[in-house]
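The listed protein sequences derive, respectively, from chains A and B.
Just so we're aligned: the first sequence equals residues 84 to 571 in my numbering.
Just so we're aligned: the second sequence equals residues 84 to 571 in my numbering.
Check each hint, because a few of them may be wrong.
Because identical chains share one entry, a pair is satisfied inside a single copy or across any pair of copies.
Simulated crosslink set (SDA-like; lysine to any residue; CA at most 20 Å straight-line) [unchecked claim]:
(1) Lys207 to Ala472
(2) Lys248 to Ala371
(3) Lys218 to Asp479
(4) Lys551 to Glu147
(5) Lys342 to Pro98
(6) Lys154 to Arg427
(7) Lys296 to Glu367
(8) Lys571 to Asp479
(9) Lys342 to Ala371
(10) Lys258 to Asp468
(11) Lys567 to Arg517
(12) Lys142 to Ala371
(13) Lys103 to Asp355
(14) Lys420 to Asn101
(15) Lys92 to Arg151
(16) Lys207 to Asp479
(17) Lys269 to Glu514
Hints are computed from structural coordinates only; laboratory data are not their basis.
Here the structure is a predicted model, which means the values were calculated and not measured.
Now for the letters of each chain:
There are 2 protein chains.
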Amino acid sequence: MIKKFDFEKAAKDNPFLNAKRSDQANELAELQRACIERNLPVLIIIDGWESAGKGYTIKQLVRELDARHFKVDVFEAEDADAPLHPYSWRFWTRIPARGDFAIFDRSFYYRVMNDPDIQGKKLKTALKHFERVEKMLTDDGMLILKFFLNVTEKTQRERIQELLKDENRDVLISKNDQEQNAHYKKYRDHFDEILEMTNLPFSPWWVIAAEDKKAASRQILGITIQEIRKQIQSHTDASEQSEPAFSRSYGKAPEILQKLRTDLVLSDEEYDQAVGGLQDEADELLFALYARRIPSIMVFEGMDAAGKGGAIQRLTQGMDPRLYEINPTAAPSDPEKDHHYLWRFYTNFPTRGRMAVFDRSWYGRVMVERVEGFAKPEEWERAYDEINAMEEELTDFGALVLKFFLYIDSQEQLERFRERETDKPYKLTEEDWRNREKWDDYVEAMNEMIDRTSPPSAPWVLVEGNDKRFARVKVLESFIRAAKARLK
Amino acid sequence: MIKKFDFEKAAKDNPFLNAKRSDQANELAELQRACIERNLPVLIIIDGWESAGKGYTIKQLVRELDARHFKVDVFEAEDADAPLHPYSWRFWTRIPARGDFAIFDRSFYYRVMNDPDIQGKKLKTALKHFERVEKMLTDDGMLILKFFLNVTEKTQRERIQELLKDENRDVLISKNDQEQNAHYKKYRDHFDEILEMTNLPFSPWWVIAAEDKKAASRQILGITIQEIRKQIQSHTDASEQSEPAFSRSYGKAPEILQKLRTDLVLSDEEYDQAVGGLQDEADELLFALYARRIPSIMVFEGMDAAGKGGAIQRLTQGMDPRLYEINPTAAPSDPEKDHHYLWRFYTNFPTRGRMAVFDRSWYGRVMVERVEGFAKPEEWERAYDEINAMEEELTDFGALVLKFFLYIDSQEQLERFRERETDKPYKLTEEDWRNREKWDDYVEAMNEMIDRTSPPSAPWVLVEGNDKRFARVKVLESFIRAAKARLK
């Protein structure tokens, strides 16, 4: 049995739980303004049985809200056999910006809920990813409210029949509705299991008895009001307290970069002899990945002036440009700042078969944002886990993930900067010189990053970059080796 | 016969037309930097016969380009029977930002080119929209280069066979390829007609003999270099000249808003009696539009404090929030400023059956941007035509387009501002007071706007707004009337 929430008990603490709906709606609009002022994002998920009254509930939620700061998204059936993107992609692209409300009709849970045959390990893997996403977002300050509208077999049947009779609303009935009702017991057990497994401390489920639509929507409004108030209160408490001392168990990072060889070189002849053939081979392999619908994600990080752009150019030069996209990562734009730091990357992941190259990436969180203090210590500290979790979703989805770290030593960087000053001044900024002064801090952060984000499924390829030709060939060869292994 | 370009003649003026490809690629990279510096956007369309070597050509174009400032987009087959968006939507969403290159593999022309049965009036209508879009973009400073790769029936057949034999590249062959080759003559005549009709002075076609892939790509690189140079030159010339005097033939606008009645009121009782029933009816009608897959676009403009937000809320309050989206229009963000002013609206048009409400809109171009001088006179002057053209595409697509103009007189605005000062200070800004000082300029611009953008298919509904209740009911009734007429 799906557990029920004790509303009578809760009503004592929450005067808005059973208040008039118009009062509730006005109260929620007040709270919306408070969230806008405080930059608090709120995600409300309305899930539950088909035909349980989700549309009605959402209508009541938004009736007094400021339209500039909420949006409603509907997650309908997708092509489940061959999704083009990793599963959580379409949710990431729609998460609310700071200060905004987003209301989801169905959610991440759609696919697993509507397929009772997803069980055991497969179910656990899917739910593990949702749990991680919800954790990342709530850690980032988002309030996530998950409602499940519960109706009996009989009520569901009646509602389906009612909608089918309506010449305009019959489009709302899909074969899922009929299917659920025909196998009600089986679905109930399945929902039960999912709700239990994802009833998380930071994003619990609220199961709502939705036999009476009006009562159900009053309860949802009441709970929403209560939880937003709590969120605002804890936000206020936190900002009144002095910054808590942050302590880490991670000690000094191992000396990884310092131990790289700086003497590896290729002559012009060796390079010229190798590069054309490697590029042709890389081209072939990208087509083979495309034919097998395997997406690939190539991350490039490294010291300033280490040759990332040149290495990317040589990697892709022989490839069909219709199969890859290069994503440069600059300082975040305003809309990007208004979202979780991973949001802007999720929107740029490749569809099946294609390759996305990232010239700098989400690793900025644990390098520049750490060293320059743009992220707080607790923020970049938890980023290692978040990044590992995100990359695991990508590799679970079947993606080939390779991360290249291009290293040059301090002396080589100085020479390249000086060369740029005269030859290509547009490629050298004041910031490059400032970063250089913090060389040791960057190396320490980079070493920790490599140490903590190197699972076998998404390894760092360390590239000795003092000689550009050597580095470019190593990148090409590494891609070729990894693609071949993946295609076996 | 498809007309051929006289390359021998052209080569005399363009040393890069037959230069070595590596020199060409480096020259193009130089020019790309010049475009970035000057904020010049470049759109390169590679169209032509299937299997004519588009991928190869694009690879040569991008080989030395800075990846941060170009992207390649592929326009593959879409669900032609039931497209979710107006036709040019997917191209608008991918146009290059100022300073960037975009390379399209196929383009707008895909659908009409691949269906030789599109003829006569239907063909003319489709091509008319492309012409207008190309005009808007080139007027806005974009360079559009359209290449058509031409191959003989025999070459096409050989290339298809070659690709089919390649175990990875066989995915590149679609039934379009086979279909074109089987009916080569029919397609050639069809292409001929399309190329003739869209060989526009501001965006001509360059027909390239693509029998020899290498020669073809040299020609494309050479022409691209030549045309970008010309564009940079004319841009430089224009900025060196003093601003040309701009003269308009349009005189004083008719007094439209001044003649609206300001005494129309509804009592509380009349309003309360009417509004619930109208909201239910609007809800029913939106579902009926959804069932018929008719998208609707509701634009709200008006004086500051005229009650746009309240009217939108009352219009949508009874509707299922899953069927509509409200798009507030604030000052453009940086990425929005980097594109044509219509770009950000194109990305928010509704999919079939849904409703998009715009709280302020593209009409800002001829109101605030005109009055405040954010747009140059020649820019806002041509905007009337551009807006009419865009709305005609929407209504041709089957959309219901309604534009509400909420008018209050100056005295009423003053009272509302004063009320807000005490009650809702967050709804009143310094800018509101500044705009108020330019009341007459705004009214003149608004009158001209209404006069020049009122085709029968996308009319302005003038709403007497001094009494909020009257205005809200008039908006609801107007929507109901228009939706009913559309559904007949």
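Now the hints, each set against the structure:
1. Taking the shortest alpha-carbon separations for Lys207 and Ala472, only the intra-copy value of 14 Å comes in at or below 20 Å, while the best inter-copy value is 52 Å.
2. Taking the shortest Cα distances, Lys248 and Ala371 sit within 20 Å of each other only across copies (14 Å), while inside one copy they are farther apart (51 Å).
3. With identical chains, the CA atoms of Lys218 and Asp479 are at most 20 Å apart within one copy only, with a shortest distance of 19 Å there and 46 Å across copies.
4. With identical chains, the CA atoms of Lys551 and Glu147 are at most 20 Å apart between copies only, with a shortest distance of 17 Å across copies and 60 Å within one.
5. In this assembly of identical chains, Lys342 and Pro98 lie within 20 Å of each other by CA distance neither inside one copy nor across copies; the values are 64 Å within and 51 Å between.
6. Within a single copy, Lys154 and Arg427 get their C-alpha atoms as close as 19 Å, and across copies as close as 17 Å, so both meet the 20 Å cut-off.
7. Taking CA atoms no more than 20 Å apart as the test, Lys296 paired with Glu367 passes between copies only; the shortest distance there is 19 Å, against 58 Å inside one copy.
8. Taking the closest pair of Cα atoms, Lys571 and Asp479 come within 20 Å of each other only inside a single copy of the chain (17 Å); across copies the shortest separation is 51 Å, beyond that limit.
9. Proximity of Lys342 to Ala371 under the C-alpha cut-off of 20 Å is found in neither arrangement, the shortest distances being 36 Å within a copy and 69 Å between copies.
10. Neither within a single protomer nor between protomers do Lys258 and Asp468 lie at most 20 Å apart by alpha-carbon distance, with minima of 39 Å and 46 Å respectively.
11. For the homomeric pair Lys567 and Arg517, neither the shortest alpha-carbon distance inside one copy (41 Å) nor that between copies (65 Å) is at most 20 Å.
12. In this assembly of identical chains, the alpha carbons of Lys142 and Ala371 lie at most 20 Å apart only when taken from different copies (18 Å versus 48 Å within one copy).
13. Within a single copy, Lys103 and Asp355 get their C-alpha atoms only as close as 78 Å, which misses the 20 Å cut-off; across copies the closest is 18 Å, which meets it.
14. In this homomeric assembly, Lys420 and Asn101 never come within 20 Å of each other (Cα to Cα): the closest approach is 38 Å inside a single copy and 47 Å across copies.
15. Taking the closest pair of Cα atoms, Lys92 and Arg151 never come within 20 Å of each other, the shortest separation being 36 Å inside a single copy and 58 Å across copies.
16. Taking identical chains as interchangeable, the C-alpha atoms of Lys207 and Asp479 lie at most 20 Å apart only when both belong to the same chain, with a minimum of 13 Å there against 49 Å between chains.
17. Within a single copy, Lys269 and Glu514 get their C-alpha atoms no closer than 60 Å, and across copies no closer than 60 Å, so neither meets the 20 Å cut-off.
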